[in-house]
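Listed in order, the protein sequences are those of chains A and S.
Position one of the first sequence corresponds to residue 1 (this note's numbering), numbered consecutively onward.
Position one of the second sequence corresponds to residue 1 (this note's numbering), numbered consecutively onward.
Note that these hints are calculated values from the structure, not bench results.
Warning: the hint list may mix true and false statements.
Quick list of in silico lysine to aspartate or glutamate cross-link-like pairs, DMTMM-like style, CA-CA up to 20 Å [to be verified]:
1) S:K26 to S:E198
2) A:K7 to S:D111
3) S:K242 to S:D290
4) S:K26 to S:E228
5) S:K6 to S:D72
6) S:K234 to S:E170
7) S:K6 to S:D111
8) S:K171 to S:E195
9) S:K6 to S:D73
10) A:K287 to S:D57
11) A:K290 to S:D128
12) S:K234 to S:D280
13) S:K182 to S:D165
14) S:K26 to S:D207
15) A:K7 to S:D128
16) S:K275 to S:D215
17) A:K7 to S:E67
18) S:K275 to S:D244
19) A:K287 to S:D72
20) A:K290 to S:D73
21) A:K290 to S:E282
22) S:K26 to S:E170
23) S:K242 to S:D277
24) S:K26 to S:D111
Values in this document were obtained by computation on a predicted structure and should not be read as measured data.
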Amino acid sequence: MILTLVKRHMRIFFRDRMTVFFALLSPLILFLLYTFFLGTQQVQNIQRALPYASSAHIHYFVNSWLFASIIMITTLTSGLVSLGTFVNDRASGRFQDFLVAPLSRAQMICGYLLSAFCTSLLMSTIIFIFSQVYIVLTGGKLLSWQHAAVAYGIVMLLCLTFAAISSFVVTFIKTYGAFSAFNTILGTAVGFLAGAYIMADSLPKSVLDFMNLLPFNQGGALLRGPFTDQALQLLAGNRSTVIKDMRRNFSITPVFAGHILQPVVIVAVFIVLIVVFTTLGSWRIGKNIK
Amino acid sequence: MSLAIKVEHLTKRYGSITAVDDISFKVERGSVFAFLGPNGAGKSTTIGCLTAIHRKDSGTVLINGYELGQHDDDIRRSIGVVFQNSVLDGPLTVRENLRIRAAFYGLRDIDKRIRSLATLIGLTKFLDRRYGTLSGGQRRRVDIARALLHEPDILFLDEPTTGLDPQSREKVWETIYSLQAKIGLTVFLTTHYMEETENAAMVYVMDGGRIIAHDTPTGLRMHYSHDELRLVAKDLPVLRRKLDSSHIVYRIMRGTLVIQPGSSQEALQILERYKADLRDFEFRHGTMDDVFLALTGQVIREPAEERA
Chain A
1 MILTLVKRHM
11 RIFFRDRMTV
21 FFALLSPLIL
31 FLLYTFFLGT
41 QQVQNIQRAL
51 PYASSAHIHY
61 FVNSWLFASI
71 IMITTLTSGL
81 VSLGTFVNDR
91 ASGRFQDFLV
101 APLSRAQMIC
111 GYLLSAFCTS
121 LLMSTIIFIF
131 SQVYIVLTGG
141 KLLSWQHAAV
151 AYGIVMLLCL
161 TFAAISSFVV
171 TFIKTYGAFS
181 AFNTILGTAV
191 GFLAGAYIMA
201 DSLPKSVLDF
211 MNLLPFNQGG
221 ALLRGPFTDQ
231 ALQLLAGNRS
241 TVIKDMRRNF
251 SITPVFAGHI
261 LQPVVIVAVF
271 IVLIVVFTTL
281 GSWRIGKNIK
Chain S
1 MSLAIKVEHL
11 TKRYGSITAV
21 DDISFKVERG
31 SVFAFLGPNG
41 AGKSTTIGCL
51 TAIHRKDSGT
61 VLINGYELGQ
71 HDDDIRRSIG
81 VVFQNSVLDG
91 PLTVRENLRI
101 RAAFYGLRDI
111 DKRIRSLATL
121 IGLTKFLDRR
131 YGTLSGGQRR
141 RVDIARALLH
151 EPDILFLDEP
161 TTGLDPQSRE
171 KVWETIYSLQ
181 AKIGLTVFLT
191 THYMEETENA
201 AMVYVMDGGR
211 IIAHDTPTGL
221 RMHYSHDELR
231 LVAKDLPVLR
241 RKLDSSHIVY
251 RIMRGTLVIQ
261 PGSSQEALQI
271 LERYKADLRD
281 FEFRHGTMDD
291 VFLALTGQVI
301 REPAEERA
């Protein structure tokens with residue numbers, strides 16, 4: 001029965017082309033911005049800093065880095081937008097139709113959470129595949145199996161984390177109009193908060209510290225690791241200090257309040273977030289089903 | 001067991017407001033039972049309690065022999081509910097909507113069930129159209145099909161025709177009554193349209209969370225409404241003098257004499273006796289509108305704008 005609910009929620013989401021488009025809007029904007037001017041700027045900056053690096057390698061690195069951010073944002077926005085079904089169901093009194101059927105509250109809660117997770121995983125997987133095609137077409141290389149496996153594991157972790165957080169947040173939004181406004185604001189802000197528009201090294205320390213408190217740049221950093229590893233090796237050759245600096249400046253190394261963190265710490269924090277927000281989200285959704 | 005529903009001292013409060021105030025009633029199996037009352041009378045809340053959507057505060061409720069609060073899932077399997085607002089999914093087709101709901105009940109042979117319901121209720125033509133694109137009347141019939149998917153014994157209808165045009169209303173009632181006759185459903189309906197209670201076996205009039213009267217429609221009309229004979233006189237003072245001398249009680253409303261005869265026979269006799277003095281006349285039986293007016297001192301309000 002949970003599967004029936006998940007299918008129902010997902011079908012409603014994918015049936016409306018505009019909703020799907022809006023779920024992909026922020027990733028799309030980021031992609032277009034890079035294609036048209038941010039990308040060129042980035043390439044020039046790296047060229048100045050590393051004059052010996054080949055242009056092909058720099059492009060490979062920038063594209064890999066960019067797609068890590070795009071996929072991270074997709075895991076967030078698509079899960080969140082798919083929970084619009086919950087907001088709509090509540091606003092239109094549709095829960096009653098579920099409540100007269102022999103469905104339990106727990107099944108209904110699981111239905112929403114799982115559908116948010118499945119939707120974001122499906123969308124991110126599509127963008128993941130697209131990223132590989134794009135990178136190869138623009139002269140880069142496919143991710144190695146090991147890197148791809150780690151990256152996909154992180155994508156799943158991000159989908160779970162953001163679906164859990166979103167499930168809690170949406171219960172405070174009463175109308176679909178407010179929900180759309182919230183999505184627009186978050187979609188715009190997340191590009192900045194994830195350090196995708198502006199490099200970490202060009203931001204004031206206090207801003208960076210604030211950004212690193214939030215899960216967006218940290219999630220981005222986790223994913224940028226496996227995505228940029230191969231490109232960075234090619235770009236920097238054997239110069240380990242260059243690799244270290246690049247990883248720091250491009251928010252590939254997770255940092256918190258000036259301290260370098262091991263990725264595993266971020267993973268642990270995200271697992272805690274998943275547990276906490278799944279609990280909170282379930283409690284709030286359950287309270288709202290009446 | 002011949003009772004489909006048995007309610008004793010049901011009470012439901014929202015904060016300091018008592019929406020349903022100590023009501024009791026019984027519904028015979030296979031009958032049509034109507035709850036009549038203005039908006040805010042507590043009809044929908046009562047349905048909400050009986051269908052295990054809202055938790056009751058006190059009282060005992062037996063639905064199909066199952067006690068509410070103890071065997072809610074058994075109750076859910078034996079009832080179907082048509083809500084005041086359309087609650088199916090607009091972006092999905094009728095068939096998809098019905099398939100999803102059928103799966104909630106763990107039904108087998110879902111497609112076969114949908115086909116037979118579609119024939120029974122007349123949905124075949126728009127089974128693969130999106131629910132959101134249907135007319136109000138078509139949507140209502142889909143709602144009824146959804147409520148009947150799992151072959152319930154009792155069908156609850158909460159103001160099923162509100163917001164529909166007269167033709168669609170007629171069609172919806174035709175569907176409901178033919179179902180009741182064909183499959184022996186117990187039908188529990190709420191309405192604020194008087195004429196829709198005329199076919200019910202029992203009518204309970206609700207106001208302010210309480211039941212203020214109950215009887216058959218005929219009984220209610222007999223007790224709380226009167227037949228009316230309206231006479232338009234050729235010469236009003238002349239006819240008044242004649243009526244006065246025969247001690248016939250009347251009142252004057254906008255130049256028309258209004259008499260409340262004890263029976264249609266009595267009305268005929270009056271007409272016969274004074275036909276030479278009449279320009280025109282009108283006779284009408286008491287209606288459920290009169291009943292409601294007499295009981296609650298108010299005219300039924302039209303519902304606020306429907307939510308789509």
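Here is how each hint holds up against the structure:
no., hint, result
1, S:K26 to S:E198, "holds (19 Å)"
2, A:K7 to S:D111, "holds (17 Å)"
3, S:K242 to S:D290, "violated (29 Å)"
4, S:K26 to S:E228, "violated (33 Å)"
5, S:K6 to S:D72, "holds (15 Å)"
6, S:K234 to S:E170, "violated (40 Å)"
7, S:K6 to S:D111, "violated (35 Å)"
8, S:K171 to S:E195, "holds (15 Å)"
9, S:K6 to S:D73, "holds (18 Å)"
10, A:K287 to S:D57, "holds (18 Å)"
11, A:K290 to S:D128, "violated (30 Å)"
12, S:K234 to S:D280, "holds (9 Å)"
13, S:K182 to S:D165, "violated (26 Å)"
14, S:K26 to S:D207, "holds (18 Å)"
15, A:K7 to S:D128, "holds (18 Å)"
16, S:K275 to S:D215, "violated (37 Å)"
17, A:K7 to S:E67, "violated (33 Å)"
18, S:K275 to S:D244, "holds (16 Å)"
19, A:K287 to S:D72, "holds (19 Å)"
20, A:K290 to S:D73, "holds (16 Å)"
21, A:K290 to S:E282, "violated (51 Å)"
22, S:K26 to S:E170, "violated (27 Å)"
23, S:K242 to S:D277, "holds (10 Å)"
24, S:K26 to S:D111, "violated (36 Å)"
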